[in-house]
Amino acid sequence: MEFESVEDVEQKLESVDYIPSREIATVVYLAVASRKPILVEGPAGAGKTELARALSRCLHRDKIRLQCYEGLDEAKALYEWEYAKQLLYTQMIKEKINDLLTDTDSIAEAVDRIAEQEDAFFSERFLLARPLLQAITAEEPVVLLIDEVDKSDPEFEAFLLELLSEFQVSIPEIGIRKARHIPLVILTSNNYRDMSDALKRRCIHLYIDYPKRDLEKRIIELKIAGIEKRLVEKLVDTINRIRELDLKKRPCISETLDWAQALMLLQVDELTPEVLSETLNVICKYQADTNLVRANMDDIFN
Amino acid sequence: MLDLVLKFAQSCREAELRVSTAELIDCAGQLELIDMIDEDQFKATLRANFAKSRREQKNFDRLYHLFFHEMRPDPTVAPERLENGGLSKDLAELLDQMAERDEANPLDQAIMDFLAGDPLPYLREIQRIENQAEAPRHQLKSNLGQLSSRLEVMLRINRFRDRIRELPGEDQTPSVSSDRRRAVDHLIQRLNTANRMLTEDTRPYNEALQQVKNYDTHYADLGEKPFASLSAKEIQDMRDGIEELVRKLKDAVTRRYASRNKGMLDVKKTLRHAGRFQGVPVELKFKDRPLRKAKIVTLCDVSGSVWSAARFMLNMIYSLQDCFSDVKSFAFVCFPTNITDIFEKNEVNRAIEKVMAETDIQFDSLTDYGEVLYQFHRDHLHLLNRRTTLIIVGDGRSNYHNPREKLLEEIRAKCRRVIWLNPEPEEFWGTGDSEMNTYKAYAHEVRPCRNLNQLIDFIEDLVL
Chain A
1 MEFESVEDVE
11 QKLESVDYIP
21 SREIATVVYL
31 AVASRKPILV
41 EGPAGAGKTE
51 LARALSRCLH
61 RDKIRLQCYE
71 GLDEAKALYE
81 WEYAKQLLYT
91 QMIKEKINDL
101 LTDTDSIAEA
111 VDRIAEQEDA
121 FFSERFLLAR
131 PLLQAITAEE
141 PVVLLIDEVD
151 KSDPEFEAFL
161 LELLSEFQVS
171 IPEIGIRKAR
181 HIPLVILTSN
191 NYRDMSDALK
201 RRCIHLYIDY
211 PKRDLEKRII
221 ELKIAGIEKR
231 LVEKLVDTIN
241 RIRELDLKKR
251 PCISETLDWA
261 QALMLLQVDE
271 LTPEVLSETL
281 NVICKYQADT
291 NLVRANMDDI
301 FN
Chain B
1001 MLDLVLKFAQ
1011 SCREAELRVS
1021 TAELIDCAGQ
1031 LELIDMIDED
1041 QFKATLRANF
1051 AKSRREQKNF
1061 DRLYHLFFHE
1071 MRPDPTVAPE
1081 RLENGGLSKD
1091 LAELLDQMAE
1101 RDEANPLDQA
1111 IMDFLAGDPL
1121 PYLREIQRIE
1131 NQAEAPRHQL
1141 KSNLGQLSSR
1151 LEVMLRINRF
1161 RDRIRELPGE
1171 DQTPSVSSDR
1181 RRAVDHLIQR
1191 LNTANRMLTE
1201 DTRPYNEALQ
1211 QVKNYDTHYA
1221 DLGEKPFASL
1231 SAKEIQDMRD
1241 GIEELVRKLK
1251 DAVTRRYASR
1261 NKGMLDVKKT
1271 LRHAGRFQGV
1281 PVELKFKDRP
1291 LRKAKIVTLC
1301 DVSGSVWSAA
1311 RFMLNMIYSL
1321 QDCFSDVKSF
1331 AFVCFPTNIT
1341 DIFEKNEVNR
1351 AIEKVMAETD
1361 IQFDSLTDYG
1371 EVLYQFHRDH
1381 LHLLNRRTTL
1391 IIVGDGRSNY
1401 HNPREKLLEE
1411 IRAKCRRVIW
1421 LNPEPEEFWG
1431 TGDSEMNTYK
1441 AYAHEVRPCR
1451 NLNQLIDFIE
1461 DLVL
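Chains A and B, in that order, are what the protein sequence lines are. Going by the working numbering, the residue at position 120 of the first sequence is 120; the numbering climbs one at a time, nothing skipped. Going by the working numbering, the residue at position 452 of the second sequence is 1452; the numbering climbs one at a time, nothing skipped.
Treat the hints loosely; a few may be bogus.
To be verified - To be clear about the criterion: a stretch of chain B counts as covered by chain A if any three or more of its residues have a C-beta under 8 Å from a C-beta of chain A, and this derived list gives those stretches:
| id | region |
| --- | --- |
| 1 | 1032–1044 |
| 2 | 1049–1057 |
| 3 | 1245–1254 |
Honestly, the hints are just simulated from the structure, not real lab data. For every residue, glycine included, the Cβ atom is placed at its ideal position computed from N, Cα and C.
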C-alpha cells in the first residue's frame, strides 16, 4: 500500500507542495487503499487538477491525462486502429503476399491463406493506444486524470463505467486487455451537468471548496517563497472579503497565488486600495466583477 | 459501530438520500482503515460514500449533524439516571395516556421514538409530509395541505413539551430532582430539534448554478427596452431584428457544419476510391460525424407580462428549428398545454396569435407553478432525456401556492440542463409571492430575460 495512514497522505502531499485539508487526505487515503476512483467536484481553480498532479509526483507515478469535451469518443479516448499504416504496409509487402498465394489453386484457398496472416495486421503494432488504454497497459502503475468529465457526452460516460469497474478493455480483434496495475483514477467535474448515478456509485466523492483561512495562508507561504507574513495575512483577509461579494466568478486559490506572485514582482509590501485596484485584473476575470470590487472597495478595506 | 452506521444509512434513506448496499459495504470496509476517533476522518469517510455529489452534501450534513451530534445520548442523562429519577416510567405512562386519547397516533409514536434517540420514524413522517401530493381540485384550490400537516406536527410537539415540563415534581430529594431536571432539559432540547427540522431549509447546495448577469449590447435602444413596454411599431422592428439575427445564426451554424471534425477513417469508402489508383489508397475518406443537435422542451408562462418575453423566445426558437433535432413547447397558466402542433403547422407569428385565441389555456386564472410542474411531471416526463434542454420561461410568481420544488428536482434528473429565464429584473426575485429563489436551487442556469439583448445572448449561447 502506498500510504500508511491519513497523516502519511498529508505529509507526502505536503512534501510535493500540496497542502490538503483533512477531508482531502482522508478521501485520497481511502481511494488508494480501496482502489476506487475519486470523483472530485469543486469550483474552477480550487485545485482539482493540481491534486492529481501532486499525487502523481508524490507516488512517483506517471500521470496520464484525458481531457473530456463534447464529442469525445472511444477512438480518441481508448484506442484506434492505424488504418493508414495498415494500408501502407499492405502496399509495401504486396509481393510477399503474392508469393504466399502463388501455389494456391482456388480463391477459397487463397483467402484461407491470407486469413492465417490476419494476426500480422491486427496486432499491437497497428494499435494506436489512447490515454485510457495507455493507463491500463502501462508497465508501472499510473495516475489517470479524466478531466472535466461533465463535458463529455452521456454515451462516453456509460462507456467509462465498464472501464472503471472492471479495469479491462475488450478489443474485438485482439481480445481482452486487463490492467497490469490498477491505476489511481481521478475524475474532475465542474458540475456542468449531473453525472449518472451509476458512475457516482463507482467512485468515492470529494468536494474541494475554497480553502479555509489558515490553510490558504499556509499554501501561499509554501508556494511563494519569501513572502512576508504580514502581507499574507492581509492578502487572505482581502481575498476572503472579495469572495463574499456577489461575483460571477469568485477568486479561487489559484487566483490568490497569481495575485501574491504579482505583488511580489511589483515589490509591494503594503496592501492599499490603490494596489488592489491596479492588480484587480489578476483576481477578477470579468469586467463586471472588477467593477463590483471597485464599488465595494471601502467594505473590503475596513 | 457497524450498527450505528447501518442505522445512519437507514435514516439517510428515509430522508431521500439514496445510499446503496454497495456503498454501505465500501464504507464499512473503509472505516476499518481510518482512525475513527478523529471526527474529520470519520465524517469524510461517510460523506465520500453517502453523498456522491455536491448537491446531496447539504442533506448529508444536516442528517450527520442530527444523527451524530444532536441525537447522541447525553452522558449526563445516562439510562440509569433516567431510571433513578423514574422518568422513563413516567414517559412510558405519558405515552400510554396520549395513546388512549388519540388511539395510538403514529405521529406521537414517532415523536416518542425521536425522544428516545431513534430519529427514523420521525424522519419518515417529515418526508411523507414533504412529498404529500394534493389531489388537484379545480373548483376550490387549496395549497395548505403541507402547511397544515406541519402545523399538526408542531402542535403535537408542543403538547409533548408541556407534558414533559409537568413531569418533574413529586420527588423533592435534591439529588433526584436535579437529575430529573437535567433529563427533562435534554428531552426539551430534542423536541426543539424536532421542531427545527420541520422548518429547516432543505434546498440542495447549487454552487454550479450558472447565473448569467451581463449581456452584450446588440441593439442600442430597442435592445434595452423591456418586452412588456413595447409599442406596436417597436414589436414590428423587433421582429425584423430577430429575423436578421436568425439569418446570422444560421450562417454561423452552417459554417460550423462545413468544418466539423472529421470522424474515423472509413475503410470501405477509402478502398472503393483506391480502385481508381490501382489499389493505392491515395485519397483517405473519413466517416462524417454529424454534430449533435440538442432537443429542446420549452415551458412558457403565458400569464400577463411574462407572455411578452415568452413569445419572442418562442419566435426565435422556432425560427431556428433547423438547429435543433426536436422542439416541444408547452404554455401554461395553471396547467401545461401542448402547443407544439400549433407552432409546427403555422408560421411563427400566426402561431403566437393562435395560442392566444384557440387553446384551452385559462388566461384569467391564477398562475400555479406547483400544479404545472406536477402535471408536466405526470404527463410529459417521457419527453425528457439526457439530450434535452428544458427551458422554463416564467417569473416564478405562484400566488402563494405550494411550489412543489421537489418535482423540479426529479425533472432535472431526467434532462441534460434546466434553464430558467425570468422576465423580471433580478432585484425582484424572491420578493412577494416569487418562488424564484426556491426554484433556483434546482436549475442549472438562471438568467434574467427582459429585453432583446438578453434574449439574443441566451439564444446565441444555446445555438453556438
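Hint check results:
1. 1032–1044: holds (count 8)
2. 1049–1057: Holds: 7 residues of the region 1049–1057 of chain B have a Cβ under 8 Å from chain A.
3. 1245–1254: Violated: only 0 residues of the region 1245–1254 of chain B have a Cβ under 8 Å from chain A.
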